[in-house]
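2 protein chains.
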Amino acid sequence: MRFSVNTRELNEAVSVVTKAMPSNATLPILEGIYMYAANDTLFIKCTDLSLQIETEIPAIIDDEGSAVLPGKLFSDLVKKFSGDTIDFESDGNTMNIRSRRVKSSIQIQNADEYPEMMRVDDEFSADIPQNKLKSMIKQVIFSVSNDETKAILNGVCLEFDSDNTLVMVALDGFRIAMRKEKINNCTGKKSVVIPKRAMQEIAAVLSSDDSEVKLIFSSTHIKIDFGGTKVISRLLDGEYVNYKGILPKNFATRVLINCEELKNSTERALLMAREAKSNRIKLMFANNTLTITANSEKGNINDEIEVQLVGKDLEIAFNATYIQDVMRVLDDECVYLNMNNAVTPCVIVPVEGEAFYYMILPVRLFTGA
Amino acid sequence: MRFSVNTRELNEAVSVVTKAMPSNATLPILEGIYMYAANDTLFIKCTDLSLQIETEIPAIIDDEGSAVLPGKLFSDLVKKFSGDTIDFESDGNTMNIRSRRVKSSIQIQNADEYPEMMRVDDEFSADIPQNKLKSMIKQVIFSVSNDETKAILNGVCLEFDSDNTLVMVALDGFRIAMRKEKINNCTGKKSVVIPKRAMQEIAAVLSSDDSEVKLIFSSTHIKIDFGGTKVISRLLDGEYVNYKGILPKNFATRVLINCEELKNSTERALLMAREAKSNRIKLMFANNTLTITANSEKGNINDEIEVQLVGKDLEIAFNATYIQDVMRVLDDECVYLNMNNAVTPCVIVPVEGEAFYYMILPVRLFTGA
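Note that the protein sequences, when read in sequence, are chains A and B.
Just so we're aligned: the first sequence equals residues 0 to 368 in numbering that gives the first Met the number 0.
Just so we're aligned: the second sequence equals residues 0 to 368 in numbering that gives the first Met the number 0.
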């Protein structure tokens with residue numbers, strides 16, 4: 000195996016694929032980077048057996064071949080190489096790497112021992128602009144459950160419909176986050192659940208422009224094809240919970256509120272609520288004013304925001320971090336808070352359209368709050 | 000107690016004084032911020048009994064008084080206040096704080112119970128530009144010993160001489176860092192040792208311009224007077240170690256080297272050395288070339304730098320982090336590495352002048368390295 004690549008291109012490729020590299024693998028070879036050089040191309044990949052990221056860069060190849068290099072050492076080292084190109088040459092046990100006046104020899108592992116991910120047959124597919132997919136993931140992923148006893152909730156549910164819509168859902172028993180967007184070339188109706196970690200790494204690889212990526216599904220895996228780069232993840236087994244029945248439809252109190260003001264007031268109140276180790280803040284809606292209060296043994300806080308209130312006055316309490324999580328990811332200037340009473344959920348929806356739907360359960364309201 | 004202050008000015012003042020606030024104080028009142036309002040001025044301070052930072056801002060005062068507020072809660076809260084001014088009013092038990100539509104009541108503690116730092120009588124003083132003092136601290140502090148059994152080495156030694164020079168020294172048994180600068184209005188000869196934490200916080204408060212600050216010493220304390228802001232620290236008891244006798248004077252090998260190149264090569268070699276958990280790199284000086292090598296079970300690295308070598312060829316090994324620490328803080332393009340043999344220290348000095356002097360002990364050289 001003997002080839003040369005551009006240092007900057009190699010660094011970019013390594014930083015993409017190592018997102019899938021586990022840091023404490025039970026199988027040591029998984030802490031490596033798989034390389035295969037052939038046809039003027041260096042192909043590299045990492046996998047933790049659940050998630051795989053692979054990519055390719057142009058290479059000048061004198062001798063084809065494959066090898067697995069120690070991932071952390073190699074990726075740290077190539078970051079520090081200052082030459083424009085890096086030359087690689089392997090004798091089967093060692094990879095000799097050379098760039099300008101730096102020479103390094105690194106022990107390699109046999110590429111034949113590197114586990115192969117299952118091939119992802121194209122049973123179902125859809126196209127979506129990268130920036131749209133990136134924003135959808137960011138706006139639901141914080142609601143994924145971390146409770147390992149509820150495996151299916153440790154992922155994000157994607158519901159494709161044949162009318163070219165994608166609904167993305169995450170829920171953890173206390174809140175639901177939903178995003179809905181138009182997509183393209185959707186080949187039918189399908190519901191899948193993708194692990195949270197895969198979704199995080201997919202979002203990290205996605206660019207912020209509107210170039211399209213293809214989502215390809217087999218019965219067990221998803222593959223996202225970026226052209227040179229491909230991300231493959233297994234899907235979570237089982238049916239996602241049927242959340243649709245619990246979404247409230249009619250509301251006694253509807254409040255139009257500025258997101259930035261709600262975010263700032265919630266953050267201030269949370270500082271006081273945190274002292275009480277409860278994160279509990281109280282919201283009082285009356286006279287077109289929202290009054291947010293919190294207290295602890297160190298004191299109390301009282302914060303007012305002008306709102307447009309339609310319907311009944313209401314007192315309701317929440318875990319402030321749940322409101323904060325939603326306000327942090329929204330770009331909208333204003334939203335509606337839709338509620339019924341102090342013991343049923345609050346629903347946060349856009350002023351127009353139905354791009355998102357957040358539902359947050361209240362916490363118990365104490366008179367003293 | 001009733002007064003108003005500008006929100007931005009209060010935030011800046013709070014962020015300065017809380018650098019001295021301990022996060023886990025044995026005396027709970029020390030986790031508070033002391034406030035005293037009088038004469039159109041709000042005076043605030045924090046101390047951990049070893050270090051005190053105090054400052055003042057203009058205030059509109061209706062009723063003079065003092066109080067101690069819970070430090071973390073109060074400083075986090077005022078950061079989130081959006082109004083231009085904040086109004087304070089205390090009834091002795093509670094501080095009522097108001098800014099625009101936000102109201103908060105915070106439990107306060109009696110200011111009489113807040114410990115008073117010793118007054119710092121002006122027994123000795125000197126003036127120094129802030130940027131010069133800041134750079135001196137940065138360039139020696141990393142060599143302070145963290146070994147708590149050698150208390151005197153847990154500080155930075157400042158040696159003032161009546162010819163208006165200041166020498167700053169830190170050493171940890173494996174290396175020495177020294178900086179020397181001209182200062183102004185030095186009232187005599189004096190040697191003091193200031194705790195590392197105080198030096199860090201002093202550096203953080205110092206600005207990057209050349210306005211002068213006055214260093215004032217009593218027999219037990221230092222006070223740095225920035226005008227409104229004053230930093231007071233106790234001095235460490237005892238004599239600093241007599242390091243002057245061990246500084247080598249004559250060298251068999253003198254090497255002129257580019258700092259950036261030495262830093263980059265050391266960092267690359269360290270990545271390999273770290274795999275061997277030794278951080279040990281070998282330096283070979285010969286034929287106007289420095290060859291840096293390191294090896295581990297995962298491989299080896301060999302890096303060449305052009306140098307100007309005067310004197311004998313030499314092979315010597317170091318803990319790479321000690322070289323890295325020096326190269327990270329120097330702004331010089333080139334330095335001299337002065338050495339004698341593989342078992343005596345390497346001295347790093349400037350190309351011209353004597354602004355700094357670093358001494359690093361070598362580690363044992365193995366033939367296999």
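Calculated from the structure, these hints are not laboratory results.
Cβ coordinates follow ideal geometry from the N, Cα and C atoms, glycine included.
Hints may contain errors.
As the list claims (entries may be wrong) - Here are the simulated DSS-like cross-link-like pairs (lysine-lysine), alpha carbons at most 27 Å apart as the crow flies:
1) K137/B x K179/B
2) K102/A x K137/B
3) K276/A x K276/B
4) K79/A x K297/B
5) K179/A x K102/A
6) K262/B x K79/A
To be verified - Anything over 10 Å on all C-beta distances counts as not near chain B; from chain A, calculated:
7) T40
8) D111
9) E158
10) K229
11) E303
Here is what the structure says about each hint:
Between the alpha carbons of K137/B and K179/B the distance comes to roughly 13 Å, so the proposed pair stays at or under 27 Å and holds. Our distance criterion of 27 Å between C-alpha atoms is broken by K102/A and K137/B, whose separation comes to about 33 Å. Straight-line distance between C-alpha atoms of K276/A and K276/B comes to about 42 Å, which puts the hinted pair past the 27 Å bound. A hinted pair counts as satisfied when its Cα atoms are at most 27 Å apart, and K79/A with K297/B qualifies at roughly 17 Å.
Simply put, K179/A and K102/A have alpha-carbon atoms about 52 Å apart, too far for the 27 Å limit, and the pair is violated. For the suggested pair K262/B and K79/A, the alpha carbons sit about 11 Å apart, so the restraint of at most 27 Å is met. No Cβ of chain B approaches the Cβ of T40/A within 10 Å, the least distance being about 25 Å, so the stated non-interface status holds. No Cβ of chain B approaches the Cβ of D111/A within 10 Å, the least distance being about 20 Å, so the stated non-interface status holds.
Every Cβ of chain B is farther than 10 Å from the Cβ of E158/A; the closest lies at roughly 38 Å, confirming the non-interface assignment. Remark: the non-interface label on K229/A is consistent with the geometry, its nearest Cβ contact in chain B lying 28 Å away (cut-off 10 Å). Against chain B, the non-interface label of E303/A is violated: not every CB pair exceeds 10 Å, the least being about 4 Å.
Checked against the numbered hints above, the structure breaks hints 2, 3, 5 and 11 and satisfies the rest.
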